[in-house]
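For reference, the chains in residue letters:
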Amino acid sequence: MSVLIYTENTDGKFKKSIFEAVSYARAIADANSTDLTAVSIGNVNADELALLAAYGADKILNVTSSNLKNFVNQAYASVIAEAAKKTGANVIVLANTLSGRGLAPRLGAKLEAGVVEGAVALPDQTDGKFIVKKTAFSGKAFALVELTSAIKIIALTPNSFPVTENSKPVQVEEFNVDTDPANFKTMLKEIVRSTDKVSLPDAEIIVSGGRGLKGPENWKILEDLADVLGAALACSKPVSDAGWRPHNEHVGQTGVVVSPNLYIAVGISGAIQHLAGISAAKVIVAINNDADAPIFKVADYGIVGDAFEIVPQLTAAIKQKNKA
Amino acid sequence: MKILVCISNVPDTTTKITFTANNTQFNTNGVQFIINPYDEIALARAMELTEGGKGTVTVINVGTVATEPTIRKALAIGADDAIRINAEPHDAWFVANQIAQYIKTNPFDLVFTGRESIDYNGSKVAGMLGELLHIPSVSIVKKIDINGQEATVEREIEGGKEILTIPLPIVAGAAEGVAEPKIPNMRGIMSARTKPLAVVEPVEVKLIEEVISYELPEPRGQVKLAANAEQLAELLHAEARVI
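If you're matching them up, the sequences are chains A and B in order. Start counting the first sequence at 1204; every next residue gets the next number (my numbering). Start counting the second sequence at 43; every next residue gets the next number (my numbering).
Hints in this document: simulated from the structure, not taken from any laboratory. Since we're looking at a predicted model, the values are computed, not measured. Be careful, since some hints might not be right.
[To be verified] Mimicking DSS-like on lysine-lysine, the simulated pairs with C-alpha atoms at most 27 angstroms apart in a straight line are:
1. B/K146 to A/K1485
2. A/K1526 to B/K146
3. A/K1388 to B/K146
4. A/K1332 to B/K248
5. B/K248 to A/K1289
6. A/K1388 to B/K44
Can you build the whole structure from these sequences, using the hints too?
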C-alpha cells in the first residue's frame, strides 16, 4: 500500500487546491501507515517543490522532460501511471481542477481503477472497504461510492479539505519516462489568459449577480465589491444566457458548481438550479429587494433592499474594516 | 465526417432530488427525464458541423427501453440515427466500455459527450473513451471547429483557455459556449418516429465501483437579516469570520 499524489502546477506554482490535495493524500497515507509520493510534471523550481514536503510528501518525483512542459492529458496520464507502477501506489489523489477532470478518467481507464471525481471527504476504510463521499446531482445531494478496484483514484473538490502542515525532509528524485509519440497528438497552439483576477472554481470568496442588476452596465458595483474582497465574479444563468456576462461565470447546475467560504448573491432570486450550484458554499449572503425570494431560504445572512444602494455601502464598510 | 454523440438520460434540472429504500435509490417517482443539457449542446454542434451534407450524426445511449423517448427527442432535434445499448448505465466505466466496444467496430471521426452529466457529475466518460480507444480527448470544450482532418478546440483552464489542434479522431466533452441547444420542429418530430434506432446488447464489464447510498445536504439554518451594510460587514467579519 502506498499513496501517490499528482501535483498540478500553474506556471510553475502550486495553487491552494493542490496543497489541500497533498494534505488529504497525507491523511490517507497516515491512516494506512504508508508513504506519500508526489509527482510533479513540468518546470517547477526547488523552493516550490519543497512546499510539497512541507504538507506531507515523503518523496517527490520530478518530471522535467521538455516534451511534457505543457499539459496533455494523454501523455500526463501515462507518466502518472508509470509513477504509480514505480511506487506501487494503490491510491492516487488529484485535485478536481479543470485539467484534473480530463486527467483522472484517462488514468482510471489506463489502470482499470475506479475514479471518484469531486470527493468531499476522506475515504471511509471501515471493514476493509473504501467508500468516498462525493457531490452528486450538481450539488443537490451527495453519493457514497465504494471503489472495489485494486487501484483507487480520488479527485478532491477544492475548498473541501483544510491545508495541513506536516513537514517531511525534502527528497526530490528526477523521474523521466519515455512516452509513446501517440500520446502527443494534441498540440497546444496558444494560451489565452483571461483578465479575471481570481478564477471562479477555486475562489474562496465569490460575488455573484443576477437579473436584479438590470443590465451588464451595472456590474461595476459588483466588480468594486469583488476587488475589496479579493473575490471572483459569477452570475446566474439568465445573466449569461442574455450575454451580459461570459458563460464561464455562470454558477448553477448546468454551469460551475462552486464551494467557496463566502458566496454573495446580489439580485439573484434563487432558482433551484442556481441553489444546486452553491449548496457547498460555507456562508451564503443574499442581497435582494424581494423578501420572499427563495435565495433567503438558503442564505445565512442577508439584507432585503435595493442592491444599487446596499452594494456600494457594503464595499465601503469592508474597505473600512480592511483599514482597521 | 461521421459524428457520434453520447447522450445520457437525466432528471430535468428543476427536479427536487429525493431518495428511497433507505437512501440507496434515487426516487424517480414523478421525475421528468431529459437529454443531459451538455449532451444537447454537443448534439447541436454536431448538427452544425455536418450541415449541408457534410456528414452524419449518430446518437448513442446506454439505457433500458425506458430511455427511448429521450433518444427519439435527439432524433427529432436532427440526429440521423440512434443506437441504444440495452443495459442499465451502472457507472461511467461501464458506459465508456460499452460505447468504446461499439466504436471499435463502427469508427467515427468525432465522438462527443457532454462535459459531465448533471446527475453523477463525473466528467468521466470522455476521458475513459479516449483512453480505451487510444485517441486524444478533451474533457471541457468551450469551442470546437473541424478543418479537414484536424480539430481546433478551446479548452477551459483556470484563469483562461487553451487553444489546441488535434488530428481526428478525438473525443470532446462539450460545455456551454460550444453551441446553442436546438429545439425540435414539427418536421423533426414527425421524422424521428421512422429514423433507425438500433438496439445492441451489452458486453460484459467487470464493475469497479458502486454507489452505496445517498445523502442530502444539511438543511441550512434560518437567515439572519442585517439592517444595513455596516451591520452585515460586521456579522461577516466577527461572527461568520469569512472576511
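Hint by hint, here is what the structure shows:
Between B/K146 and A/K1485 the CA atoms are separated by roughly 46 angstroms; this puts the pair beyond 27 angstroms, and the hint is violated. Taken as a hint, the A/K1526 and B/K146 pair is broken in the structure, with Cα atoms around 64 angstroms apart against an allowance of 27 angstroms. For the suggested pair A/K1388 and B/K146, the alpha carbons sit about 20 angstroms apart, so the restraint of at most 27 angstroms is met. Distance restraint check for A/K1332 and B/K248: the Cα-Cα separation of roughly 18 angstroms lies within the 27 angstroms cut-off, and the hinted pair is therefore satisfied.
The suggested pairing of B/K248 with A/K1289 holds, with an alpha-carbon distance near 25 angstroms, which does not exceed 27 angstroms. A C-alpha spacing of about 20 angstroms is found between A/K1388 and B/K44, which places the hinted pair at or below 27 angstroms, so the restraint holds.
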